[in-house]
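Trainee: Turn these sequences into a full structure, and let the hints steer you where they fit.
Number of protein chains: 2
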Amino acid sequence: MAEKIKVRDRILNVATDLFYRQGYNQTGINQIIAEADIAIGSLYNHFPSKGDLLVAYLEKQEEEWFAAFEHFSKGANTPREKIFRFIDFRIEQQQVSAFCGCPFIKIVAELGQDDDKIHKLVEAHKDKQRVMLQSWFKQLDYEGIDKKLLADNLFLMVEGATISTTISRNTQALESVKKFLRKLL
Amino acid sequence: MAEKIKVRDRILNVATDLFYRQGYNQTGINQIIAEADIAIGSLYNHFPSKGDLLVAYLEKQEEEWFAAFEHFSKGANTPREKIFRFIDFRIEQQQVSAFCGCPFIKIVAELGQDDDKIHKLVEAHKDKQRVMLQSWFKQLDYEGIDKKLLADNLFLMVEGATISTTISRNTQALESVKKFLRKLL
DNA sequence: GTCTATAAGGCGATAGAC
DNA sequence: GTCTATCGCCTTATAGAC
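Protein sequences, first through last, are from chains A and B. Once you know that position 40 of the first sequence is 40 in this note's numbering, the rest is easy, because the numbers rise by one and skip nothing. Once you know that position 39 of the second sequence is 39 in this note's numbering, the rest is easy, because the numbers rise by one and skip nothing.
Take these hints with a grain of salt, some might be off.
Same chains, same names: a pair is fine if it fits in one copy or spans any two.
With a straight-line cut-off of 30 Å between C-alpha atoms, the simulated DSSO-like cross-links for lysine-lysine are [as the list claims (entries may be wrong)]:
{"id": "1", "residue 1": "179", "residue 2": "120"}
{"id": "2", "residue 1": "50", "residue 2": "74"}
{"id": "3", "residue 1": "74", "residue 2": "183"}
{"id": "4", "residue 1": "138", "residue 2": "50"}
{"id": "5", "residue 1": "128", "residue 2": "82"}
{"id": "6", "residue 1": "148", "residue 2": "82"}
{"id": "7", "residue 1": "6", "residue 2": "178"}
{"id": "8", "residue 1": "148", "residue 2": "138"}
{"id": "9", "residue 1": "183", "residue 2": "148"}
{"id": "10", "residue 1": "138", "residue 2": "6"}
Don't read these hints as lab results, they were simulated from the structure.
Mentor: So, in structure tokens, the structure goes:
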């Protein structure tokens with residue numbers, strides 16, 4: 001029991017990888033069970049439907065995002081350092097994923113506005129990031145433009161740069177945001 | 001011949017609407033021919049495959065984007081006015097589409113990086129918008145931050161705000177960009 | 001938990017008659 | 001251009017035996 005990963009986790013790990021890289025609609029149940037090396041009965045034992053697997057996938061991404069960022073920004077002590085770590089974190093995310101983009105933005109683009117549960121999950125995740133940025137800017141010793149406005153628009157820049165990064169397949173856009181921010185702060 | 005829309009255009013119009021609103025993968029051939037009220041033979045007579053229809057869809061979006069913007073920004077004479085019209089245009093686009101997002105971003109999110117032809121079409125479209133912004137900033141009478149850097153990052157803000165707009169289902173993010181820009185320029 | 005079999009339907013695409 | 005029929009494949013999901 002100690003050395004092997006539980007079936008549920010194996011399913012979720014494989015689904016996570018495939019949903020993120022190939023897309024949700026382009027990933028079939030058969031591919032998931034084949035790559036996870038489990039029986040189809042086991043899948044439906046743990047997840048009643050493919051939609052439930054999608055929800056579990058996004059909840060896992062949500063948890064892991066903040067855990068990974070906390071680890072990534074461990075050394076940052078000042079608000080200014082934290083803000084720059086935020087950008088660097090998203091640069092790293094895109095580099096290790098080979099510019100696959102943001103899983104939350106991707107799923108919204110794929111499913112549209114119909115699925116309310118998914119939509120609200122994404123909205124909550126993005127709001128949490130934005131509020132986090134706002135709190136750092138609030139602590140910042142800076143006498144310039146309205147801090148909340150600056151925080152909100154930096155967030156939008158990073159979101160746009162993430163998209164741009166997946167289109168151009170390089171980190172140029174995210175580096176440009178860093179450069180811009182260095183001129184402001 | 002004068003009063004009726006040609007079959008090819010009827011197919012493309014229906015496909016455009018469905019690909020944009022429902023997504024490419026979630027739109028089937030059968031739905032297209034049903035809503036366009038044409039025979040399946042006619043579709044494959046005009047478009048050899050669904051993929052060819054997708055290319056035609058994006059090329060049409062590309063053409064129409066710049067034509068529509070030219071009309072929208074007709075009254076703008078100064079570079080500053082043109083820049084603000086660019087944001088207002090994208091606000092209007094989201095309002096009339098009920099926050100469906102950007103068709104180019106959506107298709108990249110859906111298909112990933114595999115399809116090279118589609119990817120390059122999107123890249124070219126976004127570059128064209130960015131270069132357009134750069135040229136207005138260049139003409140701008142403004143002594144602040146590096147103009148090219150500012151243009152690039154405004155573009156990223158608008159891209160991010162467009163995404164944010166489809167997630168929150170309101171224009172708040174795009175309005176925030178306008179507010180931010182008014183403080184800068 | 002494993003396996004195989006299969007239901008029920010949608011998919012893109014083709015063929016042939018009119 | 002229209003129509004219907006069909007191919008081969010894939011999809012999600014279920015059932016039953018071990």
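Trainee: Hints first: check each against the structure and report whether it holds.
Mentor: We went through each hint and held it up to the structure:
no.	hint	in the structure
1	179 with 120	between (33 Å within a copy, 26 Å between copies)
2	50 with 74	neither (36 Å within a copy, 49 Å between copies)
3	74 with 183	within (25 Å within a copy, 34 Å between copies)
4	138 with 50	neither (42 Å within a copy, 51 Å between copies)
5	128 with 82	within (15 Å within a copy, 34 Å between copies)
6	148 with 82	both (16 Å within a copy, 26 Å between copies)
7	6 with 178	neither (41 Å within a copy, 50 Å between copies)
8	148 with 138	both (7 Å within a copy, 29 Å between copies)
9	183 with 148	both (18 Å within a copy, 13 Å between copies)
10	138 with 6	neither (43 Å within a copy, 59 Å between copies)
This entry does not satisfy hints 2, 4, 7 and 10, going by the numbered hints stated previously.
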